[in-house]
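S.K.: Residue numbers for the sequence shown follow full-length UniProt numbering, so the first one is 1 and each next one is one higher.
Hints in this document: simulated from the structure, not taken from any laboratory. Source: prediction; values computed, not measured. Mixed in with the good hints there might be a few duds.
[Claimed, not checked] Under the rule of at most 25 Å between Cα atoms (straight-line distance), these lysine to any residue pairs were calculated in the SDA-like manner: (1) K95 / G76; (2) K41 / L7; (3) K95 / E28; (4) K41 / A69; (5) K41 / K95.
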Amino acid sequence: MDNAFELIAQGPPTPHYQINVSGRSLGEPGLLGRVQDLLHKHDVDPRRITFEITETARIDNRSEALYFARAIRELGCQLALDDFGAAYSSFIYLKSFPIDLVKIDGAFITDIVNSPTDQALVRSIVEACQAHGVLTAAEYVRDAATIELLRGFGVDFAQGYEVGAPMPIAGAPASSGTSIEFDLRIDSPA
Numbered sequence: 001m002d003n004a005f006e007l008i009a010q011g012p013p014t015p016h017y018q019i020n021v022s023g024r025s026l027g028e029p030g031l032l033g034r035v036q037d038l039l040h041k042h043d044v045d046p047r048r049i050t051f052e053i054t055e056t057a058r059i060d061n062r063s064e065a066l067y068f069a070r071a072i073r074e075l076g077c078q079l080a081l082d083d084f085g086a087a088y089s090s091f092i093y094l095k096s097f098p099i100d101l102v103k104i105d106g107a108f109i110t111d112i113v114n115s116p117t118d119q120a121l122v123r124s125i126v127e128a129c130q131a132h133g134v135l136t137a138a139e140y141v142r143d144a145a146t147i148e149l150l151r152g153f154g155v156d157f158a159q160g161y162e163v164g165a166p167m168p169i170a171g172a173p174a175s176s177g178t179s180i181e182f183d184l185r186i187d188s189p190a
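With the hints as constraints, model all of the structure from the sequences given.
M.R.: Structure follows, in structure tokens:
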């Protein structure tokens with residue numbers, strides 16, 4: 001996490017950064033204090049940070065994780081569930097954690113244009129998220145047809161090679177300012 005904040009402070013001025021936090025790390029008692037220290041140390045605007053919870057099934061200390069989730073949002077950061085739908089407990093966390101964004105696992109997206117099953121699952125995830133006031137992002141979007149289908153389902157954002165290739169912060173052009181996340185609510189297809 002120290003390295004991530006240092007890179008963000010030195011990196012291009014993009015509007016938003018996403019930092020993965022494992023389920024196991026999320027339950028560590030000192031995590032919130034460490035994040036607060038790093039935000040201050042590197043002078044990073046917390047509104048530019050989203051913490052992505054990975055491996056939700058491995059959250060060891062649920063009460064500490066819930067405390068972190070609530071407190072991090074009070075700081076101004078956002079919270080996302082990553083790889084949603086791939087873990088058994090995903091819907092439990094959607095219901096019980098203060099989540100801003102759900103990132104729909106790419107396994108449901110890569111062949112969604114040809115798969116009625118994937119279409120039904122993604123629609124269900126989007127409807128559940130909308131009922132909770134949670135935004136959605138689809139991972140692994142590879143073509144314009146997928147973007148149009150996702151837009152029709154009400155998915156808010158898309159990530160994948162159709163939108164832009166991921167690149168490390170270190171070595172990115174200082175004037176980049178671009179995002180690899182495509183806002184389906186306002187942007188036109190690529």
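S.K.: If a hint holds in the structure, say so; if it doesn't, say that too.
M.R.: Quick rundown of the hints versus the structure:
1. K95 / G76: holds (21 Å)
2. K41 / L7: Holds, at about 13 Å.
3. K95 / E28: holds (22 Å)
4. K41 / A69: holds (21 Å)
5. K41 / K95: violated (34 Å)
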